[in-house]
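Produce the entire structure from the sequences given, and follow the hints as far as they go.
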Amino acid sequence: AQKITQTQPGMFVQEKEAVTLDCTYDTSDPSYGLFWYKQPSSGEMIFLIYQGSYDQQNATEGRYSLNFQKARKSANLVISASQLGDSAMYFCAMREVENFNKFYFGSGTKLNVKP
Amino acid sequence: DGGITQSPKYLFRKEGQNVTLSCEQNLNHDAMYWYRQDPGQGLRLIYYSQIVNDFQKGDIAEGYSVSREKKESFPLTVTSAQKNPTAFYLCASRDSGANQPQHFGDGTRLSIL
Numbered sequence: 001a002q003k004i005t006q007t008q009p010g011m012f013v014q015e016k017e018a019v020t021l022d023c024t025y026d027t028s029d030p031s032y033g034l035f036w037y038k039q040p041s042s043g044e045m046i047f048l049i050y051q052g053s054y055d056q057q058n059a060t061e062g063r064y065s066l067n068f069q070k071a072r073k074s075a076n077l078v079i080s081a082s083q084l085g086d087s088a089m090y091f092c093a094m095r096e097v098e099n100f101n102k103f104y105f106g107s108g109t110k111l112n113v114k115p
Numbered sequence: 001d002g003g004i005t006q007s008p009k010y011l012f013r014k015e016g017q018n019v020t021l022s023c024e025q026n027l028n029h030d031a032m033y034w035y036r037q038d039p040g041q042g043l044r045l046i047y048y049s050q051i052v053n054d055f056q057k058g059d060i061a062e063g064y065s066v067s068r069e070k071k072e073s074f075p076l077t078v079t080s081a082q083k084n085p086t087a088f089y090l091c092a093s094r095d096s097g098a099n100q101p102q103h104f105g106d107g108t109r110l111s112i113l
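So the sequences go chain by chain: F and R. Here the first sequence stands for residues 1 to 115, where the numbers follow our numbering. Here the second sequence stands for residues 1 to 113, where the numbers follow our numbering.
No lab work stands behind these hints: they were computed from the structure. Note that CB positions come from ideal geometry on N, CA and C, so glycine has one too. Hints may contain errors.
Stated by the list, open to error - List of simulated lysine-lysine pairs, DSBU-like, C-alpha gap at most 30 Å:
(1) Lys9/R to Lys110/F
(2) Lys83/R to Lys110/F
(3) Lys83/R to Lys57/R
(4) Lys102/F to Lys71/R
(5) Lys57/R to Lys9/R
(6) Lys3/F to Lys57/R
(7) Lys73/F to Lys57/R
(8) Lys3/F to Lys83/R
(9) Lys57/R to Lys102/F
(10) Lys9/R to Lys71/R
(11) Lys9/R to Lys102/F
Claimed, not checked - Covered stretches of chain R (in silico footprint by chain F; criterion: 3 or more residues with CB under 8 Å from a CB of chain F, positions within the stretch not fixed):
(12) 45–51
(13) 93–104
To be verified - Going by beta-carbon spacing under 8 Å, a handful of chain F positions derived as facing chain R:
(14) Lys3
(15) Gly43
(16) Phe47
(17) Gly52
(18) Asn101
(19) Phe103
(20) Phe105
(21) Ser107
What follows is the structure, given as C-alpha cells:
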C-alpha cells in the first residue's frame, strides 16, 4: 500500500488567493512526522513545514500552514496569498518511528499560480 | 555557508560504464541519503547511511553502490548493472531529532550517451 498519497497531479490558483494541496498517509505507527517540500523547476528540494503526530496544534510557517486531521490521516498544505514564485512541485513526506531515518514521499502536486 | 554540494550537475554515461556521483555536506549531519527522481514523479530511496561505515539499501538499490568512509561524504556509483540510469539524482542529509527535515543538494542529472 502507498504510504503517502497525493491525489492532485496539477493545480491552478490565482495570484493572491489561497490554495490547499492534499496529502493522505498510511501508517500504524503511533509516532510519526509529516513534512512538506517545494521543488522549483531548477530541481532543488526546499523544506517548508513539519507536523509531528503528537502535536496538538496545526503547524504554521509564514504563508504555509498544515491542516492536520489525524483521524482521517490527512496532512494538507495550505498556502495563503499565493505568489507567482509559488509555482513548483510540492511533495508530502512521512517518517515513521519504526525506521527513524527512512522517509516516504508522495508523487507530488504541480502548482501553477496565474497572474 | 553550510550546505550540501552535489557534483557534477550533469553527467553522461556510456554503455557498460560505471559513474560516480559526488555528495559532500558540511552540516555535521550523521544521516545521508540518495534518491532517484524520474520525470514527473516523486523520490525513490536508493541508499541511506545513518553513520560512518554503515549504510542500508533503500527501495531501488539494485545497480547502485555507495560508501561512507567520512562523515562529510556519501558518493553514489551507478554501475553498468543499472540498465535504466537516466534520471535526476538527489542527495540529502539530516540532523538527529524527530522533527529534523532532510536538507537536499541541487541534484545531478544523469543521461545515457
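Against the structure, the hints come out as follows:
Between Lys9/R and Lys110/F, the direct Cα distance comes to roughly 23 Å. Compliance with the 30 Å bound is thereby established for this hinted pair. At most 30 Å may separate the alpha-carbon atoms for a hinted pair to count; Lys83/R and Lys110/F meet this at roughly 29 Å. Distance check on the hinted pair: Lys83/R and Lys57/R sit about 18 Å apart at the alpha-carbon level, within 30 Å; holds. Distance check on the hinted pair: Lys102/F and Lys71/R sit about 18 Å apart at the alpha-carbon level, within 30 Å; holds.
Restraint check: the Cα-Cα separation between Lys57/R and Lys9/R comes to about 24 Å, which is no more than 30 Å; the hinted pair holds. With a CA separation close to 18 Å, the supplied pair Lys3/F and Lys57/R stays within the 30 Å bound. A distance of roughly 28 Å separates the Cα atoms of Lys73/F and Lys57/R; the hinted pair therefore holds under the 30 Å criterion. At most 30 Å may separate the alpha-carbon atoms for a hinted pair to count; Lys3/F and Lys83/R meet this at roughly 27 Å.
Of the supplied pair hints, the one linking Lys57/R and Lys102/F holds, its CA atoms being roughly 11 Å apart against a limit of 30 Å. Note on Lys9/R and Lys71/R: the hinted pairing holds, with a Cα-Cα distance of about 22 Å set against a maximum of 30 Å. Distance hint between Lys9/R and Lys102/F is fulfilled; the C-alpha atoms sit about 25 Å from each other, no more than 30 Å. For the stretch 45–51 of chain R, the stated coverage by chain F holds: 3 residues have a C-beta nearer than 8 Å to a C-beta of that chain, and at least 3 were required.
Counting residues of the stretch 93–104 of chain R whose CB lies closer than 8 Å to any CB of chain F gives 7, so the stated coverage by that chain holds, three being the minimum. For Lys3/F, the suggested interface contact is broken, since its CB lies about 11 Å from the closest CB of chain R, more than 8 Å. About 4 Å separates the beta-carbon of Gly43/F from the nearest beta-carbon of chain R, less than 8 Å, and the hint is met. Annotation: Phe47/F was flagged as interfacial toward chain R, and the flag holds, the nearest CB pair being 4 Å apart, inside 8 Å.
A least Cβ separation of about 6 Å between Gly52/F and chain R falls short of the 8 Å threshold, and the interface hint therefore holds. About 5 Å separates the beta-carbon of Asn101/F from the nearest beta-carbon of chain R, less than 8 Å, and the hint is met. Because the smallest distance between the Cβ of Phe103/F and any Cβ of chain R comes to about 6 Å, under 8 Å, the interface hint for this residue holds. The closest approach between the C-beta of Phe105/F and any C-beta of chain R is roughly 4 Å, which is under the 8 Å cut-off, so the hint is satisfied.
Hint on Ser107/F holds. Least Cβ distance to chain R is approximately 4 Å, under the 8 Å limit.
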